[in-house]
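Asker: Work out the full structure: start from the sequences and follow the hints.
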Amino acid sequence: MNGFDHLIHAPNRLRICALLEAAGEAEFAVLQEQLGLSASVLSKHTGALIDAGYVEQRKAVRDTRQRVWLRLTAAGRKAYQGHLAALREIVGP
Amino acid sequence: METDTHFPDRPTPDEARAALADAACVQESTAARSATPWPLWFATVITAYVALFPVAYGGMLSDRDWLLPTPAWTATLAVSTLVYLALFAYAGRAWRRRTGVALRFDVLPKTVTVPLVTGLPLLLVGSAWAFKLTGRSAWIVAASALAAAVSVGFHLAFVRLHRKAGAR
Numbered sequence: 001m002n003g004f005d006h007l008i009h010a011p012n013r014l015r016i017c018a019l020l021e022a023a024g025e026a027e028f029a030v031l032q033e034q035l036g037l038s039a040s041v042l043s044k045h046t047g048a049l050i051d052a053g054y055v056e057q058r059k060a061v062r063d064t065r066q067r068v069w070l071r072l073t074a075a076g077r078k079a080y081q082g083h084l085a086a087l088r089e090i091v092g093p
Numbered sequence: 001m002e003t004d005t006h007f008p009d010r011p012t013p014d015e016a017r018a019a020l021a022d023a024a025c026v027q028e029s030t031a032a033r034s035a036t037p038w039p040l041w042f043a044t045v046i047t048a049y050v051a052l053f054p055v056a057y058g059g060m061l062s063d064r065d066w067l068l069p070t071p072a073w074t075a076t077l078a079v080s081t082l083v084y085l086a087l088f089a090y091a092g093r094a095w096r097r098r099t100g101v102a103l104r105f106d107v108l109p110k111t112v113t114v115p116l117v118t119g120l121p122l123l124l125v126g127s128a129w130a131f132k133l134t135g136r137s138a139w140i141v142a143a144s145a146l147a148a149a150v151s152v153g154f155h156l157a158f159v160r161l162h163r164k165a166g167a168r
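These protein sequences, in sequence, are chains E and W.
In terms of UniProt numbering, the first sequence has 45 at position 45, counting the first letter as 1, and numbering is strictly consecutive.
In terms of UniProt numbering, the second sequence has 160 at position 160, counting the first letter as 1, and numbering is strictly consecutive.
Check before you lean on any hint, since a few could be wrong.
Stated by the list, open to error - The following label-pair restraints were derived from C-beta to C-beta distances: (1) E/R65 <-> W/D106: 29 to 37 Å; (2) E/E33 <-> W/A94: 14 to 22 Å; (3) E/R77 <-> W/T44: 31 to 39 Å; (4) E/P11 <-> W/P115: 36 to 44 Å; (5) E/Q32 <-> W/A94: 32 to 40 Å; (6) W/F105 <-> E/A39: 30 to 38 Å; (7) E/Q32 <-> W/L82: 32 to 40 Å; (8) E/R77 <-> W/L103: 14 to 22 Å; (9) W/L82 <-> E/R65: 30 to 38 Å; (10) W/T81 <-> E/E33: 34 to 42 Å; (11) W/T118 <-> E/E33: 36 to 44 Å.
To be verified - With the C-beta cut set under 8 Å, the calculated list includes, among others, these residues of chain W facing chain E: (12) R10; (13) P13; (14) A16; (15) R17; (16) Q27; (17) R97.
Simulated from the structure, these hints should not be mistaken for lab results.
For every residue, glycine included, the Cβ atom is placed at its ideal position computed from N, Cα and C.
Answerer: Below, the structure written as C-alpha cells:
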C-alpha cells in the first residue's frame, strides 16, 4: 500500500502528527492538553517519531523552566501526508 | 494505554475513515488555537501604525513642507516603524508563550490574506505617491482611514474565526 506508514498509523501518533502539521510547532504541554495524554505516554510516542526522523525537538527556557517544542521534519510531513493519502485510498470515493 | 503493535497491515475502510476523522478533529481544534487573535493592545498598535504610515510617508515624499518639515516626517516614519517592529517581536513572543504553538499567518482563508498582503502595501505606498503627484491630501487621509478599517476588520475576522473554531 503506497504511502501507508505503520509507525504513524498508531492512533496517538497519528494525532500527534495531525496536531504538529496544523500547528507548525507546538509545546509539549499543548500536545498533552490537546490530546489528553499523560507525559509518559506522549514521551513514548514522540520518542518513536523522533527516532524515525519524523519529529524534531527544540528546548527553550521559560520562567526558569525548560520547555520542549516539537515540530514535524520534512520527512515527517511527507510521511504523514502520504499516510493520509493512503487512508483516503482505502476509504475510496 | 495504546501499544505500538497489533495494528493490521491494512485497515478496513471503516477504520481508515475513523482515523481520518480523528486526524481532522485534532487539526480543527489546533487551528482554533493557531487562530488566537492578537491582544487588543497590539491590534490597536497595528491599526495606529497602518493609519499613520500613509500620512508620514506622504509628508516625507512631499516636495514642499506639509504640516511638518519633511525631516520631521522622515523621523516620524523611522521611529514609528522601529517601535512597531519592537512591539511586534514582543507581542509575537508573548503570543507563542500564551498559545504554545507557532505563530502562523496562513490560518485565515487565502481569499482574505492574499488581497490583504498585496493590497495593503499598495494602498499605503501608492496613496503617498498619489499625494506627491497631485498635491491632494485626500489621497493619504482616505488611505489612512481605509487601512485602519482593514486592520480592525482583519482583527475581528480572527476573533470570529477563533470563536467559531473553538465552538466546534
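Asker: Decide, hint by hint, whether the structure agrees.
Answerer: Structure-based check of all given hints:
1. E/R65 <-> W/D106: 29 to 37 Å: Holds - the Cβ-Cβ distance for E/R65 and W/D106, about 30 Å, lies within 29 to 37 Å.
2. E/E33 <-> W/A94: 14 to 22 Å: Given range 14 to 22 Å: holds, Cβ gap about 19 Å.
3. E/R77 <-> W/T44: 31 to 39 Å: holds, 36 Å
4. E/P11 <-> W/P115: 36 to 44 Å: Cβ of E/P11 to Cβ of W/P115: about 40 Å, so the range 36 to 44 Å holds.
5. E/Q32 <-> W/A94: 32 to 40 Å: violated, 21 Å
6. W/F105 <-> E/A39: 30 to 38 Å: holds, 31 Å
7. E/Q32 <-> W/L82: 32 to 40 Å: Check passed, 39 Å falls within 32 to 40 Å.
8. E/R77 <-> W/L103: 14 to 22 Å: About 18 Å separates the Cβ atoms of E/R77 and W/L103, which means 14 to 22 Å holds.
9. W/L82 <-> E/R65: 30 to 38 Å: The hint (30 to 38 Å, Cβ to Cβ) holds, given that W/L82 and E/R65 are roughly 32 Å apart.
10. W/T81 <-> E/E33: 34 to 42 Å: holds, 37 Å
11. W/T118 <-> E/E33: 36 to 44 Å: With a Cβ separation near 37 Å, W/T118 and E/E33 satisfy 36 to 44 Å, so the hint holds.
12. R10: At about 6 Å, which falls below the 8 Å cut-off, the nearest Cβ of chain E leaves the hint on W/R10 intact, so it holds.
13. P13: Status holds, d = 5 Å.
14. A16: Holds: closest Cβ of chain E sits about 4 Å from W/A16, inside 8 Å.
15. R17: holds, 5 Å
16. Q27: Check passed: Cβ of W/Q27 comes within 4 Å of chain E, closer than 8 Å.
17. R97: OK, holds: W/R97 within 8 Å of chain E, min 6 Å.
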